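Undergrad: Single-letter residue listing:
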Amino acid sequence: MHPSRRSFLAGSAATLSFGGSTLKLRAAETDSRFVLILLRGAMDGLNVVVPYGDANLKTWRPGLVLPEPGQPNGLSDLGGFWGLHPSLKAAYLLYSANDLLPIQCVAGPNRSRSHFEAQDMLEIGAEHRMTSGWLNRIAGALPPNPNCDAAFTMNAMTPLILHGPAPTITWDPFHARARTSPGFYDSIVAMHADDPLTGAEIADGLKERRYIDRVLSGISYDGLSPGFPRLARAAARLLAAPDGPRLAELDLDGWDTHSDQAPRLAESLRKLDEGIGVLRADLAAVWPKTVILIVTEFGRTVRQNGTTGTDHGTGTAALLMGGGVAGGRVLVDWPGLRQDQLFEDRDLQPTLDIRAVTKGLLGPHFGLSVGELATVFPDSESITPKPGLLRV
Amino acid sequence: MNAPDPLLARVGPSVLTTALADREHNQALKAGIPSNSGMAQLFPEEMTAALRHAVSTDLPLRERLVWFWANHFTVSARAGNWAMGLLGAYIQEAIRPHVTGRFADMVKAVMRHPAMLFYLDNWMSTGPGSPRGRTQHIGLNENLARECLELHTLGVQAGYTQSDVTALAAILTGRTFNREGDSPGFVFTADMHEPGSKKFMGHAFAQGFPGGEAALDWIADHPGTRRHIATQLIRHFVADAPPENCIVRLESVLAETGGDLNHTMLAIIDMSEAWQPLTKFRAPAEYVIAVQRALDLPFEPGYHLLDATRDLGQPFMSPLLPNGWPDTAADWISGEALLKRADWAMTQASRPGAPSADAVIEATIADVVSASTLKAVRSASTPAEALATVFVSPEFLRR
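So the sequences go chain by chain: H and X.
Residues in the first sequence are numbered from 1 upward in steps of one, following the numbering used here.
Residues in the second sequence are numbered from 1001 upward in steps of one, following the numbering used here.
Everything labelled a hint here was simulated from the structure, so no lab data went into it.
This one's a predicted model, so the numbers in the text were calculated from it and none came from an experiment.
Where is the CB? At the ideal position from N, CA and C, for every residue including glycine.
Be aware that one or more of the hints could be misleading.
Footprint (simulated), chain X over chain H, 3 or more residues, beta carbon under 8 Å [stated by the list, open to error]:
hint, region
1, 161-171
2, 190-196
3, 311-321
4, 332-346
All chains, full assembly: derive it from the sequences and hints.
TA: See below:
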């Protein structure tokens, strides 16, 4: 929050992270909204954006195949070969409105099949470890807003993707606050006024907290399931504010379906879908300027395992949605499911680096050049931004 | 400093008991019997015990050393069940016995502990020329070797190269974890070990487990390592910007004593710089302990202390990355983070039986308290708010 700290940290981080080159992005457009939803635990993309037209699917996973479109509880058809999991009802409405682009066979830069490694590298957005995440680096590119920082997470903890030199908001709408007299926090701020480290930070923090409290005041979670859908409502309220933050991060877990996958995945997707519906409705006023990207750290094995689940894999699906998204189709370079087409004889072959999507998206959405995107995603020069993700 | 560690005299968590408990847990679940002795359940139990010990111990400096070294040799619970479940055993077996012992012994204990072998992937690292590597076409995982050099010992500026990292990875192959049988634990699997002697930073180290121990001894006593750990210790115990004279002093103590951490700590205690008040901003977990010690109340039930470290932004023993939690004020100070301390301090100050603000000032910050803090405390509306004000004063937030 404090300008001197902001510039100090930006300077030192640039030295540490970018080999001495200066992190300098031009002020990006400020009216665009971006939501990143991280599905932690590795979603089985093959059961979400389903290639029901590929005959091999049934061979590998007889216990996991969903009824084809048109049958009871069947897939929602995505143009004849692909189907969307039936739990994703709100998402399918977006597809029908050409606002949803399902993407298949994506992977991050990491092949470890370790949740921890792959989530970290997905959030860092590079092939080597850094102490900052790419959403933080985007946040650093946005012009300062006197009300609050540019990026927030609806979370008790700051995820790695938001760590870094740019100040960001970690907001837990259900964080318990003690009852205090009205002047308590002002008195704390006054006590710190002369402190060179904390004085400005805590004063700005209280201003920001009051701003967010004001924006969120009167919010109702009636009728929403606990957890993700409620966080989505709070996030949408903040993002919709004309003078509020522009970048949001949400987490949803429940994807590590090593056993008994069908009901567990259906329930996790239902929760996700409820959140998607909330975001669509609550962001209606800014929907044309909104882009939502839903990603997971890796996919799961093409073969079902011995406990009607799937194990850690590679290629998976991502979902891109928003008023400006060129949706209503499936984005995929389909590698096939024959045994010799699998990655390491077990996983869906990745054919698209997730950074091609994020770069192809964030470039036009926030007006960042290819060179600037290379600063946000170091070592990604060879990854060409995917064109045509947004309607122009 | 030489007082015996009471926790070492007790039977604490171990790899053996952890692995057996987890096995029983999984067998019970398979048989449809409810069980809560699995990895994910052991973690909050053991870490709550560790936090409570830090509050109630008569040897708080020893606990700070345990935390410092556990962070230096980070195994993070974020990495999942095995790292999480073995953390209690890791601290008890690899860290705690050595915090006033020899640094090289701690390095060697860490580099064979299953928690670390899991966390940084060495358990599966296989020499490409080993029997298993040749038949299964699997190879090295350099993760542990790289972090050992960069984070635990030499530091990036010490001048090692990629080929040194690869050589150390080859040296460390075979160090893995046997989960089967009656005594699960560390095992050196010759089948996975890269054959032949290896050249690391210009020195040859013999094939086998002893060659690895020799390499670790050599690395632990390298001038680059002494510089690296002296800098980190001074940053932790003296100031965010560690004074050069203090670093140099510690380097020479480490060199003269063969890496004796007891003498090292005594040397820090002898430094006038270490006694300058308010030079260090308390990280959240340390802050939680400081508030609990000042409150001196019975523990709240459940995992309250563990939850508090998470709510204040430093979930205990769960740093994001292998480099551990950062150790400077700038890393911990943000507006909302400070306000969350105020929120939590208020809940704590409101507990029945909490001492008065004046009593806590007297016991903690009396020598350094500023006029503006006293003014804020005096003008508080309730005794609880007065005490919470003390807890979030600039003086109490620091040490």
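Undergrad: Next, verify each hint and record whether it holds.
TA: Hint check results:
no.: 1; hint: 161-171; verdict: holds (count 5)
no.: 2; hint: 190-196; verdict: holds (count 6)
no.: 3; hint: 311-321; verdict: violated (count 0)
no.: 4; hint: 332-346; verdict: violated (count 0)
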